[in-house]
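J.: Each chain, letter by letter, is given below.
Number of protein chains: 2
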Amino acid sequence: MGKVAVGADNFLYPMPMVLVGANVGGKPNFLAVAFFSAIQMKPPVLAVSLNKIRYTNDGIKENKTFSVNIPSVELMEAVDYCGINSGKKVDKSGIFETFYGKLETAPMIKNCPVCMECRLIETADIVTDNIVFVGDVVETYTDDQYLTGGVLDLIKTNPFLFSVRDKKYISIGERIGGAWEAGKNYK
Amino acid sequence: MGKVAVGADNFLYPMPMVLVGANVGGKPNFLAVAFFSAIQMKPPVLAVSLNKIRYTNDGIKENKTFSVNIPSVELMEAVDYCGINSGKKVDKSGIFETFYGKLETAPMIKNCPVCMECRLIETADIVTDNIVFVGDVVETYTDDQYLTGGVLDLIKTNPFLFSVRDKKYISIGERIGGAWEAGKNYK
Chain A
5 MGKVAVGADN FLYPMPMVLV GANVGGKPNF LAVAFFSAIQ MKPPVLAVSL NKIRYTNDGI
65 KENKTFSVNI PSVELMEAVD YCGINSGKKV DKSGIFETFY GKLETAPMIK NCPVCMECRL
125 IETADIVTDN IVFVGDVVET YTDDQYLTGG VLDLIKTNPF LFSVRDKKYI SIGERIGGAW
185 EAGKNYK
Chain B
5 MGKVAVGADN FLYPMPMVLV GANVGGKPNF LAVAFFSAIQ MKPPVLAVSL NKIRYTNDGI
65 KENKTFSVNI PSVELMEAVD YCGINSGKKV DKSGIFETFY GKLETAPMIK NCPVCMECRL
125 IETADIVTDN IVFVGDVVET YTDDQYLTGG VLDLIKTNPF LFSVRDKKYI SIGERIGGAW
185 EAGKNYK
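Going line by line, the protein sequences match chains A and B. So in our numbering, the last one in the first sequence is 191, and the numbering has no gaps at all. So in our numbering, the last one in the second sequence is 191, and the numbering has no gaps at all.
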């Protein structure tokens, strides 16, 4: 097995697709985002990295709130539409049925299985082209149909992934093993 | 459809599982990590968020280099083992066949389909329990068998995901649509 160098590239993992929501000019706007990760467990904190040209940024800075919505496969066309079209040119406020939570200014999407309502705690200007928005999750919303025994069931929410190099969306598969368990008897 | 609040939670998306590599005390060490994301496209930059108690941290700070290795399903037991056991107690230098690239101090894993060699550019102390290490990807390595028409084929690399709430690893599924294409005719 000989490794080949393929040039510096960071897109070679399955990227979870989310929709970042913010009120811009008083109207809900949603951006398709794959640069997204939790960064702390308790209290729950997450980060999204948005290109500095994004329309969404002004809304996040103004309200100091945003949302991260996890769409299911059924919303793939709408998500892709939100990725292709900027809020600068297209009014995206009517695409989804939206709702607000305790922060009052972070628009969330009713037909996304999971919506995370976030308070902005830091704006990190680390790299040249993107801004990293870091948020405390203040509340998370779902629907009863996605719970199994009171616990959110990722398989039921049917999220999807982004494979950048071949420009494809990819579904998730099935449970293949237990975490903090599969490696107990390793070696 | 009425949303239910389930408490602040940020683990409700499919998290890509990676192994973060660093030399600690001159020896390769690998940590299973799910708090990981690219944060910029060009030049490629990525970030990993590690708990402040991690053994790996000292190595990253000392060498200012680290690696992000994307394991395939076949390595699930070994990855889980690297998540359960700290390098403080267990020598993980012999688990994988390792190699080094141009930075010379970022250990990478030969039998991971994708290895990203990173130079530390920032250590962000944003939250209480975790440190976010931000790295420039200086080179990426793969094997010919994972390329299709010269492009890395995510399906062939067979990575897997972490579903935290039910403590399961999940495989990826299949291509379900074109990115920057599926939404062209939306509405």
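Check before you lean on any hint, since a few could be wrong.
Note that the list lumps identical chains together, so a pair holds whenever it fits in one copy or between two copies.
As a list, the in silico EDC-like pairs of lysine to aspartate or glutamate whose alpha-carbon atoms are at most 20 Å apart [unchecked claim]: (1) Lys188 <-> Glu81; (2) Lys46 <-> Glu178; (3) Lys172 <-> Asp157; (4) Lys65 <-> Asp133; (5) Lys31 <-> Asp140; (6) Lys191 <-> Glu78; (7) Lys92 <-> Asp133; (8) Lys172 <-> Glu185; (9) Lys46 <-> Glu126; (10) Lys188 <-> Glu143; (11) Lys160 <-> Asp133; (12) Lys114 <-> Glu178; (13) Lys106 <-> Glu66; (14) Lys46 <-> Asp147; (15) Lys92 <-> Asp129; (16) Lys93 <-> Asp147; (17) Lys172 <-> Glu108; (18) Lys7 <-> Glu108; (19) Lys160 <-> Glu178; (20) Lys191 <-> Asp95; (21) Lys172 <-> Asp133.
In case anyone wonders, no lab produced these hints; they're calculated from the structure.
J.: If a hint holds in the structure, say so; if it doesn't, say that too.
T.: Hints versus structure:
{"no.": "1", "hint": "Lys188 <-> Glu81", "verdict": "between (41 Å within a copy, 8 Å between copies)"}
{"no.": "2", "hint": "Lys46 <-> Glu178", "verdict": "neither (27 Å within a copy, 33 Å between copies)"}
{"no.": "3", "hint": "Lys172 <-> Asp157", "verdict": "between (24 Å within a copy, 11 Å between copies)"}
{"no.": "4", "hint": "Lys65 <-> Asp133", "verdict": "within (17 Å within a copy, 25 Å between copies)"}
{"no.": "5", "hint": "Lys31 <-> Asp140", "verdict": "neither (22 Å within a copy, 36 Å between copies)"}
{"no.": "6", "hint": "Lys191 <-> Glu78", "verdict": "between (42 Å within a copy, 14 Å between copies)"}
{"no.": "7", "hint": "Lys92 <-> Asp133", "verdict": "within (18 Å within a copy, 38 Å between copies)"}
{"no.": "8", "hint": "Lys172 <-> Glu185", "verdict": "between (32 Å within a copy, 9 Å between copies)"}
{"no.": "9", "hint": "Lys46 <-> Glu126", "verdict": "within (17 Å within a copy, 23 Å between copies)"}
{"no.": "10", "hint": "Lys188 <-> Glu143", "verdict": "neither (34 Å within a copy, 33 Å between copies)"}
{"no.": "11", "hint": "Lys160 <-> Asp133", "verdict": "neither (36 Å within a copy, 31 Å between copies)"}
{"no.": "12", "hint": "Lys114 <-> Glu178", "verdict": "neither (26 Å within a copy, 26 Å between copies)"}
{"no.": "13", "hint": "Lys106 <-> Glu66", "verdict": "within (17 Å within a copy, 43 Å between copies)"}
{"no.": "14", "hint": "Lys46 <-> Asp147", "verdict": "neither (23 Å within a copy, 38 Å between copies)"}
{"no.": "15", "hint": "Lys92 <-> Asp129", "verdict": "neither (22 Å within a copy, 34 Å between copies)"}
{"no.": "16", "hint": "Lys93 <-> Asp147", "verdict": "neither (32 Å within a copy, 42 Å between copies)"}
{"no.": "17", "hint": "Lys172 <-> Glu108", "verdict": "neither (35 Å within a copy, 34 Å between copies)"}
{"no.": "18", "hint": "Lys7 <-> Glu108", "verdict": "between (51 Å within a copy, 15 Å between copies)"}
{"no.": "19", "hint": "Lys160 <-> Glu178", "verdict": "both (11 Å within a copy, 17 Å between copies)"}
{"no.": "20", "hint": "Lys191 <-> Asp95", "verdict": "between (56 Å within a copy, 13 Å between copies)"}
{"no.": "21", "hint": "Lys172 <-> Asp133", "verdict": "neither (24 Å within a copy, 35 Å between copies)"}
Hints 2, 5, 10, 11, 12, 14, 15, 16, 17 and 21, counting from the list given before, are not met by this structure.
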